[in-house]
Amino acid sequence: MSLSAPEAKPNGFLSGLPFRRPDGWTITALVVAGLVATPIAVVMASLFVPAGEVWRHLAATVLPGYVANTMMLMIGVGLGTLAIGVATAWLVTMCQFPGRALFEWALLLPLAVPTYAIAFTYGGLFEFAGPVQSALRDAFAWGRGDYWFPDIRSLGGAVLVMTVVLYPYVYLLARAAFLEQSVCVIEVSRTLGRSPWQSFVEVALPLARPAIAGGLALALMETLGDFGAVQYLAVSTFTTGIFRTWFGLGEPIAAAQLSAALMLFVLALILFERSSRGGRKFHHTSRRYRALPRYKLGGTTAAWGFLACFTPIFLGFLLPGGQLVAWTLETASTVVDADFLTLAANSVMLASATAVIAVAVALLLAYGHRLRPGPLMAGATRVSSMGYAIPGAVIAVGVLVPFAWLDNRLDAFMREAFGLSTGLILSGTLAALIFGYLVRFLAISFNTVEASLGKVTPTMDGSARTLGLGPGATLARVHMPIISGSLLTAALLVFVDVMKELPATMIMRPFNFNTLAVRAFELAEDEQLAESAPAALSIVAVGILPVILLSLAIARSRPGHWADKEAA
Amino acid sequence: MDALTLQGVCHAYNGVLAIDSIDLTVGEGKLVCLLGPSGCGKTTVLRVAAGLEAVQQGRVFIAESEVARPGASMPPEERGVGLVFQDYALFPHLTVAENVAFGLKGRPSVERLGTPKQMLDLVGLADLSERYPHTLSGGEQQRVALARALAPRPRLLLLDEPYTGLDIHLRNQVRDETLRVLRMAGISTMIVTHDPEEAMYMADHIAVMRAGRILQQGTPSELYNAPANAFIARFLSDVNAMHGTVEGGVVPSLFGSLDSNGVDEGARVDVLIRPEALSFSNDGGRPAIVAAVRPLGHTSIVTLIMADDGTELRARVLSIDSPAEGAQVMLTLDVRQSFVFPCAEPTSEE
Chain B
1 MSLSAPEAKP NGFLSGLPFR RPDGWTITAL VVAGLVATPI AVVMASLFVP AGEVWRHLAA
61 TVLPGYVANT MMLMIGVGLG TLAIGVATAW LVTMCQFPGR ALFEWALLLP LAVPTYAIAF
121 TYGGLFEFAG PVQSALRDAF AWGRGDYWFP DIRSLGGAVL VMTVVLYPYV YLLARAAFLE
181 QSVCVIEVSR TLGRSPWQSF VEVALPLARP AIAGGLALAL METLGDFGAV QYLAVSTFTT
241 GIFRTWFGLG EPIAAAQLSA ALMLFVLALI LFERSSRGGR KFHHTSRRYR ALPRYKLGGT
301 TAAWGFLACF TPIFLGFLLP GGQLVAWTLE TASTVVDADF LTLAANSVML ASATAVIAVA
361 VALLLAYGHR LRPGPLMAGA TRVSSMGYAI PGAVIAVGVL VPFAWLDNRL DAFMREAFGL
421 STGLILSGTL AALIFGYLVR FLAISFNTVE ASLGKVTPTM DGSARTLGLG PGATLARVHM
481 PIISGSLLTA ALLVFVDVMK ELPATMIMRP FNFNTLAVRA FELAEDEQLA ESAPAALSIV
541 AVGILPVILL SLAIARSRPG HWADKEAA
Chain L
1 MDALTLQGVC HAYNGVLAID SIDLTVGEGK LVCLLGPSGC GKTTVLRVAA GLEAVQQGRV
61 FIAESEVARP GASMPPEERG VGLVFQDYAL FPHLTVAENV AFGLKGRPSV ERLGTPKQML
121 DLVGLADLSE RYPHTLSGGE QQRVALARAL APRPRLLLLD EPYTGLDIHL RNQVRDETLR
181 VLRMAGISTM IVTHDPEEAM YMADHIAVMR AGRILQQGTP SELYNAPANA FIARFLSDVN
241 AMHGTVEGGV VPSLFGSLDS NGVDEGARVD VLIRPEALSF SNDGGRPAIV AAVRPLGHTS
301 IVTLIMADDG TELRARVLSI DSPAEGAQVM LTLDVRQSFV FPCAEPTSEE
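Residue numbers (the numbering used here), protein chains in the order written: chain B, 1 to 568; chain L, 1 to 350.
Check the hints yourself; a few may be wrong.
[Stated by the list, open to error] Short, incomplete list of chain B residues facing chain L, as computed with Cβ under 7 Å: (1) Val67; (2) Asn69; (3) Cys184; (4) Glu187; (5) Arg190; (6) Leu192; (7) Gly193; (8) Arg194; (9) Pro206.
Hints were generated in silico from the structure; no laboratory data involved.
Think of the CB as a built atom: it goes at the ideal place given N, C-alpha and C, for glycine as much as any other residue.
Chain L with its partners taken away, still in its complex shape (with noise of 0.2 Å):
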């Protein structure tokens, strides 16, 4: 049973509208991130399906019963979804074990009583219990956002950019720990984020958003291998940009023929390598003079100058194998890792 689903949903702010047409779900137990730059109305998918805004076209249903459409919308209260904001949102006026609690008025003593301290014990914060919010770390915050919002078991675990509040040394020890939270607890879960690599970590399915629309959804895998469109290339990876031109159905390159992707003949095209696809090569390829090694730890950054017409390209490989500024090398492309688009309008979202 799909824990939520979204079919056409449309919602504006004062006439601006701020997600379009939105047809998303989150199987039962399955982790999805809406990844997109900020404005791009992901935040407002979440509120969508946290009861917090109406819709204004489509319909929501969580575990398969409508709870959404047109001019009627069940309160937030009433239909049993976790959220954890951005900033966690925890009451200050509350002990930690207090917030945790929070959710379960009118559910059996039992329960009130047992559930705060078996949330706290499975985030690891039991000893803390008795603390104020402002006490407490931003990652001890952020568990105990996460632990309230578990606390009442809900259908469906809705995060709003859950580590952007972190520092970058806790963000990735705190997104493992949440991670193993999650699929304990075995939830459906939303996830926002901007950051792709965050998302490709994390999810089961990811829907990338832009401008209040969803422009590719599929597995982490799909998307990186199979960027529908420059923007989604661009977002997911760093990319050397290159124009071209398809001639004769295919897209001449320095480095041979690429596919057209089905382009027009004579249309111009943007042509995208990711760094990783270029490597060095004993027999073949194309010359180029190294101008620049940036050491990033286990992979570098090479600049390369291309032999034959001057053009700067940048190439990641593994440190080890990085050579001295100014060698001449032979570079070979991988063509899986290069992608030719129609020439879009320019792209701002850089």
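Next up, chain B with everything else stripped away, as it sits in the complex (with noise of 0.2 Å):
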């Protein structure tokens, strides 16, 4: 055996270049980076196929509808999840009121409610034959066109829905981001003259301002990709557009370009959220934590913000869930049969797969990374997680598109030279579903695994390697058994995305094969709403699994008891 020199870290200008001969963790982090890229790419290079006639029709028809549908569904769902994610961040965190306990994991539920399940129950219930409504008339003995009522099947509707499910993502991030913060900044406020509100505005709110952004931007890329909610609420934008335009005009370059138009308004969104975050990142200048000394509310004040985080919860929870579970109690005994039970067995067995490779993959790419480090690496796992922040309904396209490339090149070359028709052989198969539930998902699975890499530390790895196991068996005896119940972690946030997923399911899968959240959409574009419901209610009742994880996470991160105010 031959002695090499020792690798050195890449420190020098040269050893950072892509020059170095690239290993095999290198090219496989590539490759994933590749296959994650191709369909964005593809959707991306659309732009420069000259489209012609249908383009030209839909630029003159409906794309100023969907621009401008979309503009004002993001101002909408930005400013409502705004203001309740950062009011009742703050409420939970800074200020004592009976039931805020209750409340700090409680208002993350509503992220259990899919957008498409929340907006056909809402049309539902405030329908004019829908118990709102009906018993409004009952009451006052009003008759049709007696009264004025808003129509939820509009863009205000649609706002309304969005704002109450994703507002947990602005919550999520604030609160994370008002604990971090320092008490003794605060303090200081305070004794430099300024009231509690005062500090607030003037302290707490522009040190947060990044992770706020944070969370709006998360939120904003829910509503961007959103399919199902905008469709049943008859609102046009650019996802509706390209479900028409694929499927009613057959038109898949026109499609592929809506899809690159809006991922125009993703590379805001994405550009929007660095900048606020950019240029000055704020060092806490104090790593002081002492117990949050919380303000008191009394009497009308405590029953005010009661009221504020009980809200949120029961229009983005309760009362959806609520009215779900009253459909399935009516129709269950009709509704749940064996074709249900099959639809249940294929998102299960479609949500695991994808949940299996995408841990796979991510534990690959993250252990990969930290073998080898250096920009190429880095590029390469940066770019097989920007999946998350690509519409389903792009995504879906993006792969279908070249999928249906190779295989009229295949069936073209084996009819040519063997007389025989492969037909569609990759698209409409599950594995281009699965294919593309992993381009969307990874991220989910890849951030999850390398934060809980870090964990184990680098003087460990050198433990294992000078004990005599290699790169593998390391991974294998080390890191993995250390990183376990990350990664049980991460496999479920995929398996529950995958079951909630609508868009990209509904283009990509194989004919005549439907998934739990396929059926119960298809029902209720029916206006068949509580037979749909028994579907939604086992999607919401999986959803809640990640809520509990999360919830499970704030208490462990609740800070210290008074002990530790004198700890220095």
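From these two lone chains plus the hints, build me the complex, please.
Shown next, in the form of structure tokens:
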């Protein structure tokens, strides 16, 4: 065995360039990054394909409406989630009032409700024949046309339903930021003459701004990616346009071009998030944490605080959840049959397969990044985890266009060479679907796995390696046992997201293949709301799992009791 | 007019008493140090004075007007008290100048515009006014925090362990600088510290705390020359600790009879002897062997074995006078630096 020079950490300029011979880890990461980037590249490349008549037609008729609706939706949901998320986060971290400890985690519950599910429950609740309007008519003896009632099937309705299920993103990050802030900073502000409220506005809020912007960006990405809610509520946006162009007009290139236009919105969002974080990172100048002295709210103020936290939970979880339960009780006996179980099995199968693969790939990437740090590896991992920002419909289009092209090429080749047609062997298969899910959800598993790998110190790697274990054996015998809990968490998060996923599944699923989410949406679109409830309720029930995980994390992160106060 | 008066102040966190019956006064323009080991409640006293904690018993006066009693507490923003935290707690989103100007809101514009510059000049940081806190060194951050606290011209300044975040070389320099600024501002100040040397160097008046109570207060020399109990004697300086018994109204020792300090006949006592109380002599004294010499610079610590009974003692002598290891010397005791206390419950604070 020959001795080679020990591999230096890439600290010089040259060693940082990709001239180094790429090894297995780097190549794997590059391949994964390439695969993940393909759908996005395809969509963006479509901008350079002349689409001719269809595109001109779209631009002249529907495009301005898509842009306007999408903008209004983002502004509405943005303002709504900001107001609710920041206010509730401040209340539960800084104030003491009845129910605070409960609200701290219960405010996350709306996360379990997919946007399409709340859209059609609200549709059912507030339509003309629904329970709310019927009750009003009975109570006041009104007839049709005697009164005005806001139409839930409107832009305003879409803003409402999305706001009450998406505000937890802002809440979660704002709360973490408020907790992270040293209380000393607030206390100094008090001794310099500011009231609690002024201290919040002038000190706590500016410090939390980057985190709040991050939460807002997540909520808005979900808004941009939503298809089911806007479709059901009859608000034309880019996602509904992509569907109409793909299925209705049968124009994949035009659909890809719409997707590219949607991507520009996503890009703008990412830039906004970067810039609000960027430039100046707020280093916390104070590292001392003491138990938060919460302001006690009394009397009416406490009642307002209670109401401010209860209302979003009621609107975003209790009301839609309750309605789904009521409908399920009504229809379960007829709806839950062998077909329903097949749907559930399909969903679970897809979600489990994706979860396992996503965690395995994430582990490969994160460990590879650890073993071979460098700009090439960093770039590859970053590309691999960008899919989460991309709407599901866009990814579906970006996956299917190249797969269909490959299928056609293969089919033509086989026909020419062997005289037999292979048809579509890639597109419209479960493999394509799972690939699409991976592109979208790899980021979730990667971020979770990478964060937990940080718990394994480099000296542990070193110890294992000097004790004779290779990189693979070190991963299996040291890292994986230590981070097994986080691997499960990552798998669970991906599992739940796949269960909830709607637009990509609708575009990419094999013929006659259904999942719970697709079936719930189809029934709801046919106005069979009560029949759609069991499937939707199952998805909500599964969606509560990550909420529980987050709640536990919140409980653990709670700062210590008074004994910490005199620690210094 | 006294800047701060605490009368019988008690405070408990979740039912656990953190400070108990604290009586303390900071006189006009005086610098008072609260000295004690960590966890003794000294920071709580400071927080009560600032209005960050309410009092459960007792009363607090600032400039002789009442600001807190059980059930009523003037909020910190109305007290006109400056506070510098141990870690400075600068606002990371504001520049140095904006930090210093933070407390001047609502003041006349002359003051709002002029004072920050004056204050930064005072602490010698005028050049850094546009920088952000994280770009400053620890010593600079401390000075910004001081300037920020002083800018609104508070009636009382509170400093919580102001030098512990700094390395040892910087600490002495920043301490002198802070003292200069405080003297120039002529402001009444209370400093919390666990470092006796720091307290004695800076304070006009020291209050030693332990387990939530003030054990003794007085000028630095009063405390040093007449510690009230063994804990304070041990806390203020290094000591040789021995046991003895009161016999015939005195405590017999190798160096003759020591004053019994009023302890009952026949009782066991702690005899504490400062290393600097022992010195070498050419006439008289007790014989001892030099076991080790550890030079500290201008003084040395000499470990001695007494020839009479093998007792090991440490003496602090000027390095130029230090003997060679193995030498035989005669040792005398300066009784002013040796103390006799009733044999207390085992002191655990070391």
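Against the structure, the hints:
no., hint, result
1, Val67, "violated, 35 Å"
2, Asn69, "violated, 36 Å"
3, Cys184, "holds, 4 Å"
4, Glu187, "holds, 5 Å"
5, Arg190, "holds, 4 Å"
6, Leu192, "holds, 3 Å"
7, Gly193, "holds, 5 Å"
8, Arg194, "holds, 6 Å"
9, Pro206, "holds, 5 Å"
Of the numbered hints stated above, those contradicted by the structure are hints 1, 2, listed in ascending order.
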